[in-house]
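Colleague: Listed below are the residues making up each chain.
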Amino acid sequence: MIGVKGIMAFLFIKTQPKNRQVPVEDEISRMKGVLHLYEVLGEYDMCVHVHAETREELSNLLYNISTVEGVKEITTIIISKRIK
Amino acid sequence: MPDLDEIDKKILLLLKDNARMSLTDIAKKVGLSVMGVKNRIRKLEEKGIIEGYSANINLSRLGYDIMAFVEISVEARVRREVAEALQKRKEVVELYEVTGTCDFMAKIVVRNMEELREFLAITLAKMEGIISTQTLLIIRNYRIKFDKLL
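If you read the protein sequences in the order shown, they are chains A and B.
Oh and the first sequence: position 82 is 82 in our numbering, straight run, nothing missing.
If you count the second sequence from 1, you need to add 84 to reach our numbering.
Extracted from the complex, chain B is given alone in its bound form:
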């Protein structure tokens, strides 16, 4: 665990909430000069603690109303091929190889139930080596704060 003081932690939490917050505002909130904040952010970036900055896109506003986790169990021999094929699918926005009752957990984003069904019943069903899938529809997103990790 890298050595972070309380000011570094505050800066990280402020940027996590709003990566576009101005250096002046951050400086006011943490009680440092603008240059002081700038240097700290640069160091956090250099250490790889801040990996990048991105926009939170509301996919529902773009018409993607259905989100689901799909647990996928595969035959061991095709594990890598299935992972590669899943990564190429536009519906798969996150993919994890996991331990436990299945081999992969894929987060799927589609426009409607028809597209979800098509992905499950046609796309996945066609992939060789898939043993079973279990689909968990996401019905509410909770915003998790990770203050306690810092």
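Just chain A, with the same shape it has in the complex:
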């Protein structure tokens, strides 16, 4: 049981050029459905925890994020169960 109706996911995002990182973070953090946003180390530049009521809402959110200038790549990991 994930505890919330709808779909929760982590979006792992790569940005380019790297000086777009902060504006990208600002823009994404204001979007409806974004619960948490983390800057991360490693292969990706940020991790966004999102919630969408419906599949279409998730699709729209992905579209909105993917069209932010500086977002190069998004990998979506759907949460199937919140354990803790």
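Treat the hints as calculated values from the structure; they're not laboratory data.
Check the hints yourself; a few may be wrong.
Under the rule of at most 25 Å between Cα atoms (straight-line distance), these lysine to any residue pairs were calculated in the SDA-like manner [unchecked claim]: (1) B:K174 to A:F12; (2) A:K5 to B:T207; (3) A:K81 to B:L98; (4) A:K32 to B:G147; (5) A:K32 to B:S216; (6) A:K81 to B:E202; (7) B:K191 to B:L179; (8) A:K32 to B:E202; (9) A:K32 to B:E198; (10) B:K191 to A:N19; (11) A:K5 to B:K94; (12) B:K229 to A:Y44; (13) A:K84 to A:N60; (14) A:K81 to B:K94; (15) B:K94 to B:S216; (16) A:K5 to B:T219.
Got chain A; can you put chain B on it based on the hints?
Modeller: Quick look at chain B alone, frame taken from chain A:
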């Protein structure tokens, strides 16, 4: 490829969009008599080009909010058994045996993420011979027109 003229193609496209369109409306749109349209539809049915008529049911309205494709790789020895078991599951609404990086592609419809998880982590995990699965959540459906195929 059976011999279809432009009128047959128009009739097929009209019925594909709305199988309940009246013969009178179809006749007006293609410029034939009602009887002419009726005969053509009968021939298309006899040739098996029109296999049947069905309603498009909006599963979301019935509470089935989650749809996903699950790519399933299985051990070759249990291929048939897995296919039979998957066909019996109510969550599996379409099932294809495919070539490439997996053996089966199943379209799954469930009410919520909890049911999806249960299907993946319990139902599939219990099936003998399944090597791996990859789940692709469907987040938007596009309506594809196939006018160009005709």
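Colleague: Hint by hint, work out which the structure violates, then give me just those numbers in ascending order.
Modeller: The structure conflicts with hints 1, 3, 5, 8, 10, 11, 12, 13, 14, 15, although it agrees with all the remaining ones.
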